[in-house]
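Each residue of the sequence shown is one higher than the one before, counting from 44 in the working numbering.
Any given hint could turn out to be false.
[As the list claims (entries may be wrong)] Below, in silico cross-link-like pairs of lysine to aspartate or glutamate (EDC-like), each with a Cα-Cα straight-line distance of 20 Å or less:
#: 1; residue 1: Lys279; residue 2: Asp324
#: 2; residue 1: Lys151; residue 2: Glu416
#: 3; residue 1: Lys279; residue 2: Glu297
#: 4; residue 1: Lys274; residue 2: Glu352
#: 5; residue 1: Lys279; residue 2: Glu247
#: 6; residue 1: Lys426; residue 2: Asp138
#: 7; residue 1: Lys279; residue 2: Glu416
#: 8; residue 1: Lys274; residue 2: Asp289
#: 9; residue 1: Lys426; residue 2: Asp355
#: 10; residue 1: Lys151; residue 2: Asp106
#: 11; residue 1: Lys426; residue 2: Glu367
#: 12; residue 1: Lys279; residue 2: Asp246
#: 13; residue 1: Lys426; residue 2: Asp451
#: 14; residue 1: Lys279; residue 2: Glu221
#: 15; residue 1: Lys279; residue 2: Asp344
#: 16; residue 1: Lys274; residue 2: Glu297
#: 17; residue 1: Lys274; residue 2: Asp353
#: 18; residue 1: Lys426; residue 2: Glu221
#: 19; residue 1: Lys274; residue 2: Asp355
#: 20; residue 1: Lys426; residue 2: Glu398
#: 21; residue 1: Lys274; residue 2: Asp324
#: 22; residue 1: Lys426; residue 2: Asp118
#: 23; residue 1: Lys426; residue 2: Asp445
#: 24; residue 1: Lys426; residue 2: Glu399
#: 25; residue 1: Lys274; residue 2: Glu247
#: 26; residue 1: Lys279; residue 2: Glu242
#: 27; residue 1: Lys426; residue 2: Asp135
Keep in mind that the hints were calculated from the coordinates and are not lab data.
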Amino acid sequence: MLRPLRALALLPALTAPMVSATNGYFTHGVGLRAQGMAGVSIALPQDALAAATNPAGTALVGDRFDVEATWFRPDRGARISGNGFGADGSYDGNDDAWFLLPALGYTKRLDHGLSWGVALYGNGGMNTGYESNPFAAYGGTGTAGVDLAQVFLTPSLAWRHGSHSFGVAVTGAYQRFEARGLGPFDNPVFSSRPGAVTELGHDESTGWGVKLGWHGQVTPTLALGATWSSKVAMDKFDDYAGLFADGGSFDIPETYGAGLSWQAAPALTLAADWQHIRYGDIPAVANSLAPLLSGVPLGADGGPGFGWEDRDVWKLGARYRVNETLTLRAGYSTMDQPIPANETFINILAPGVIEEHASIGASWRPRGEEGGEWTLAYTRALKNTVRGSGSIPPAFGGGEVDLTMHQDILAVGYSWRF
Numbered sequence: 044m045l046r047p048l049r050a051l052a053l054l055p056a057l058t059a060p061m062v063s064a065t066n067g068y069f070t071h072g073v074g075l076r077a078q079g080m081a082g083v084s085i086a087l088p089q090d091a092l093a094a095a096t097n098p099a100g101t102a103l104v105g106d107r108f109d110v111e112a113t114w115f116r117p118d119r120g121a122r123i124s125g126n127g128f129g130a131d132g133s134y135d136g137n138d139d140a141w142f143l144l145p146a147l148g149y150t151k152r153l154d155h156g157l158s159w160g161v162a163l164y165g166n167g168g169m170n171t172g173y174e175s176n177p178f179a180a181y182g183g184t185g186t187a188g189v190d191l192a193q194v195f196l197t198p199s200l201a202w203r204h205g206s207h208s209f210g211v212a213v214t215g216a217y218q219r220f221e222a223r224g225l226g227p228f229d230n231p232v233f234s235s236r237p238g239a240v241t242e243l244g245h246d247e248s249t250g251w252g253v254k255l256g257w258h259g260q261v262t263p264t265l266a267l268g269a270t271w272s273s274k275v276a277m278d279k280f281d282d283y284a285g286l287f288a289d290g291g292s293f294d295i296p297e298t299y300g301a302g303l304s305w306q307a308a309p310a311l312t313l314a315a316d317w318q319h320i321r322y323g324d325i326p327a328v329a330n331s332l333a334p335l336l337s338g339v340p341l342g343a344d345g346g347p348g349f350g351w352e353d354r355d356v357w358k359l360g361a362r363y364r365v366n367e368t369l370t371l372r373a374g375y376s377t378m379d380q381p382i383p384a385n386e387t388f389i390n391i392l393a394p395g396v397i398e399e400h401a402s403i404g405a406s407w408r409p410r411g412e413e414g415g416e417w418t419l420a421y422t423r424a425l426k427n428t429v430r431g432s433g434s435i436p437p438a439f440g441g442g443e444v445d446l447t448m449h450q451d452i453l454a455v456g457y458s459w460r461f
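With these hints in hand, go ahead and build the complete structure from the sequences.
Below, the structure written as structure tokens:
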């Protein structure tokens, strides 16, 4: 299964790197209709990509094919102040200004309440590119930054019995990673594997996990949903065994959540989701940088990481059917960004500090075009700044790093219903 997954995952690279840094480094929503409602989808499946969030939704969206493309423009940067080595300054991390994320999904009803589907989508990622290297004061040269991209292929099977649906999916995952400009850390003092830290091009990794989901229409107007995605055990990034903890290990975190959908009026549906992301279970992401200066090098077992913490995401959305051809959507989501104030130094490479998203969207079905529908969604990830507190160790000259990010996300797609 993973060989075709690898080939499919490389297709987006023909246009631009796939990357999304919204809720940490997970995308804020999968599927255009969910994106237009700030990612709400656990109890409100709306298209063939529903299984990416809750595989029970495969039984509820009918026979359809969805194809879409998301234009993603993040604005990320860092500011260093009070540094004794002369690193002070503002640094623009936008060497790559925008990215394209294609996705597609297909679902088909079978007999006896069964349905099956498959979804291909970008799960998340992180990209920074600093033409002015923030680590130049320590000997860093060239452009600094990272490029992490994750693509999921999720075949699903769902069973609908009465007012309840149950779903299961197997997720094949592909990810690639590159680091640049980290020469000051590529030595026997700071790395367990010098030569496996930076300037090595893209390394690749594959793995798999499972998803389970439930959807229940508990009253004529109220639906509930619950979903769980296992940790995805990934092959190690061997080329970067001297950077990531445990010799290049970089698994994808477990997530779970619940949602509700309420038909408040014949034309109006309100929905809400809660999602928990367990960043704290992934050593390369969760471990603090502090052990680096107490004899534990990068890449070692239990080695230093980015210091990210588990996070909860709360989403609220509304859908209004104006008439048989036009549907409008809007949504808002919020979370506490995962980077502690004392870990901003290493997170110059991964400033995933977004906390709020505001979204709008619409679907239009041309008259006389049976089964076809256009959908558009726009999301603004509101600007957020995390100010460092004790963030640069004295061995690196002390001082503080502040991280800033905001984003624009525009998506368009077309659906066929059979």
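Against the structure, the hints:
no.	hint	result
1	Lys279 - Asp324	holds, 16 Å
2	Lys151 - Glu416	holds, 18 Å
3	Lys279 - Glu297	holds, 17 Å
4	Lys274 - Glu352	holds, 16 Å
5	Lys279 - Glu247	holds, 8 Å
6	Lys426 - Asp138	holds, 19 Å
7	Lys279 - Glu416	violated, 41 Å
8	Lys274 - Asp289	holds, 16 Å
9	Lys426 - Asp355	holds, 19 Å
10	Lys151 - Asp106	holds, 5 Å
11	Lys426 - Glu367	violated, 36 Å
12	Lys279 - Asp246	holds, 9 Å
13	Lys426 - Asp451	holds, 10 Å
14	Lys279 - Glu221	holds, 13 Å
15	Lys279 - Asp344	holds, 13 Å
16	Lys274 - Glu297	holds, 4 Å
17	Lys274 - Asp353	holds, 13 Å
18	Lys426 - Glu221	violated, 26 Å
19	Lys274 - Asp355	holds, 16 Å
20	Lys426 - Glu398	holds, 8 Å
21	Lys274 - Asp324	holds, 9 Å
22	Lys426 - Asp118	holds, 9 Å
23	Lys426 - Asp445	holds, 13 Å
24	Lys426 - Glu399	holds, 8 Å
25	Lys274 - Glu247	holds, 18 Å
26	Lys279 - Glu242	holds, 17 Å
27	Lys426 - Asp135	holds, 15 Å
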